[in-house]
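Peer 1: This is what each chain is made of:
There are 2 protein chains.
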Amino acid sequence: MARSTREAILTAAAELMRHRGYAAVGMKDIAHASGAPIGSLYHHFRGGKVQIAREALINAGAAYGLLIPTLIDEYDDLGQAIEGVFAQAAEDMASTGFANMCPVASVAAEVADTVAELRETSASVFRGWIEGGAAYFAARGLDGARARDVTLAIVGALEGAFVLARTLRSTEPLLAAGRTLALQYRGVTLARVSAAAVGPR
Amino acid sequence: MARSTREAILTAAAELMRHRGYAAVGMKDIAHASGAPIGSLYHHFRGGKVQIAREALINAGAAYGLLIPTLIDEYDDLGQAIEGVFAQAAEDMASTGFANMCPVASVAAEVADTVAELRETSASVFRGWIEGGAAYFAARGLDGARARDVTLAIVGALEGAFVLARTLRSTEPLLAAGRTLALQYRGVTLARVSAAAVGPR
DNA sequence: GTCTATACGGCGATAGAC
DNA sequence: GTCTATCGCCGTATAGAC
Numbered sequence: 001m002a003r004s005t006r007e008a009i010l011t012a013a014a015e016l017m018r019h020r021g022y023a024a025v026g027m028k029d030i031a032h033a034s035g036a037p038i039g040s041l042y043h044h045f046r047g048g049k050v051q052i053a054r055e056a057l058i059n060a061g062a063a064y065g066l067l068i069p070t071l072i073d074e075y076d077d078l079g080q081a082i083e084g085v086f087a088q089a090a091e092d093m094a095s096t097g098f099a100n101m102c103p104v105a106s107v108a109a110e111v112a113d114t115v116a117e118l119r120e121t122s123a124s125v126f127r128g129w130i131e132g133g134a135a136y137f138a139a140r141g142l143d144g145a146r147a148r149d150v151t152l153a154i155v156g157a158l159e160g161a162f163v164l165a166r167t168l169r170s171t172e173p174l175l176a177a178g179r180t181l182a183l184q185y186r187g188v189t190l191a192r193v194s195a196a197a198v199g200p201r
Numbered sequence: 001m002a003r004s005t006r007e008a009i010l011t012a013a014a015e016l017m018r019h020r021g022y023a024a025v026g027m028k029d030i031a032h033a034s035g036a037p038i039g040s041l042y043h044h045f046r047g048g049k050v051q052i053a054r055e056a057l058i059n060a061g062a063a064y065g066l067l068i069p070t071l072i073d074e075y076d077d078l079g080q081a082i083e084g085v086f087a088q089a090a091e092d093m094a095s096t097g098f099a100n101m102c103p104v105a106s107v108a109a110e111v112a113d114t115v116a117e118l119r120e121t122s123a124s125v126f127r128g129w130i131e132g133g134a135a136y137f138a139a140r141g142l143d144g145a146r147a148r149d150v151t152l153a154i155v156g157a158l159e160g161a162f163v164l165a166r167t168l169r170s171t172e173p174l175l176a177a178g179r180t181l182a183l184q185y186r187g188v189t190l191a192r193v194s195a196a197a198v199g200p201r
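Protein chains in written order, with the UniProt record's numbering: chain A, 1 to 201; chain B, 1 to 201.
Hints in this document: simulated from the structure, not taken from any laboratory.
A couple of the hints might just be wrong.
BS3-like cross-link-like pairs, simulated, lysine-lysine; straight-line CA separation at most 25 Å [as the list claims (entries may be wrong)]:
(1) A:Lys28 x B:Lys49
(2) A:Lys49 x B:Lys28
(3) A:Lys49 x A:Lys28
(4) B:Lys28 x B:Lys49
With the hints as extra help, turn the sequences into a complete structure.
Peer 2: Here it is as structure tokens:
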């Protein structure tokens with residue numbers, strides 16, 4: 001439950017765009033889903049649809065950026081951690097009828113060549129994840145280059161597997177991706193650190 | 001150059017949708033890009049926009065399905081083959097100003113929850129790739145389960161890396177994904193077979 | 001700040017002359 | 001089979017009463 005009208009609008013927009021992307025979500029859809037009338041959308045977001053999408057991407061990006069380190073915190077072995085993350089993603093997807101997906105990627109793919117401002121916003125969200133993940137893994141003992149590569153591999157494989165899983169309505173691509181990536185890092189130990197302190201910029 | 005008007009329409013549609021997805025491409029855009037007037041689109045495709053997208057996905061899917069085995073045919077080592085595929089993808093992307101991308105995924109992500117018929121079409125294209133790839137690797141000596149996992153990992157990682165690379169306008173995600181997946185399969189030898197005979201269903 | 005009514009443009013699709 | 005004019009609808013955005 002969002003407290004303010006503004007927050008309700010952003011939450012509704014993020015949820016709708018996660019399912020349908022950017023172009024297929026209308027201002028009327030957002031108004032209806034948030035409970036606010038159309039006029040309120042433009043009152044709170046003078047920049048219209050682009051501004052709403054922009055802020056929704058930033059919010060969702062921050063939430064997702066924290067999710068992966070949080071999940072991985074539980075593990076001491078990198079291979080097991082990776083398999084755990086993908087298994088969790090598979091479970092979430094299946095339990096939402098394969099309607100769930102990264103809210104940023106579904107918009108990013110669509111606007112990369114059409115809405116410059118949103119492409120830049122998605123890029124900065126992705127950059128935050130990559131830099132945050134690299135810093136997290138470095139803090140847990142991996143060397144710099146490897147920390148960055150592992151992060152890129154996880155994020156990329158997750159995004160790709162989401163598209164396949166959603167389209168095929170099957171968890172197989174997620175589980176196969178997790179299994180495959182995990183194989184490689186099994187036996188790589190993650191150091192225990194007190195405070196991870198990693199978030200998207 | 002396409003020979004018939006029909007082919008020109010499908011080629012133009014595939015090219016446009018690869019860049020902008022499904023919703024953001026209009027019938028007028030397709031008409032203009034193909035050189036055919038609007039009426040011709042509906043003459044050749046009674047099912048309208050959905051039918052054009054459907055056939056464009058099938059065509060593009062068949063072409064892409066042949067591409068990866070063709071590239072991998074050159075190699076004897078699975079690790080080197082994977083790194084080669086991702087390096088090639090990175091080169092293509094950079095040389096097209098990061099505008100290039102898998103024409104199927106950009107539509108698939110957008111329509112998975114909105115246009116049932118196109119979701120089913122994308123699913124069958126993906127299924128063709130996965131089954132074709134699994135059969136190809138099996139023919140080159142990998143055991144069944146591994147052949148399927150390798151295929152899923154390659155396709156998933158490619159699709160995800162495409163989204164990141166396009167948004168960030170950088171080849172790094174593609175190169176990192178290729179490097180990471182390759183590490184794992186370095187030293188795995190692919191058998192030489194006379195005719196690969198693998199294509200999407 | 002909230003909400004309704006409406007403007008204006010572009011969409012997919014069609015009709016029908018050629 | 002090709003092409004143009006146009007329909008009806010729904011998109012974003014706005015004006016202005018409350």
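Peer 1: Between Lys49 of chain A and Lys28 of chain A, is the straight-line Cα distance small enough, at 25 Å or below?
Peer 2: The given pair, whose Cα atoms are some 11 Å apart, holds under the 25 Å limit.
Peer 1: Are the Cα positions of Lys28 of chain A and Lys49 of chain B separated by 25 Å at most?
Peer 2: holds (24 Å)
Peer 1: Holds or violated: Lys28 of chain B with Lys49 of chain B, Cα cutoff 25 Å?
Peer 2: This hinted pair holds, its Cα atoms lying about 11 Å apart.
Peer 1: Given the hint that Lys49 of chain A pairs with Lys28 of chain B, test it: the Cα-Cα distance must not exceed 25 Å.
Peer 2: Holds: Lys49 of chain A and Lys28 of chain B sit about 24 Å apart, inside 25 Å.
When held up to the earlier numbered hints, the structure conflicts with none and fits them all.
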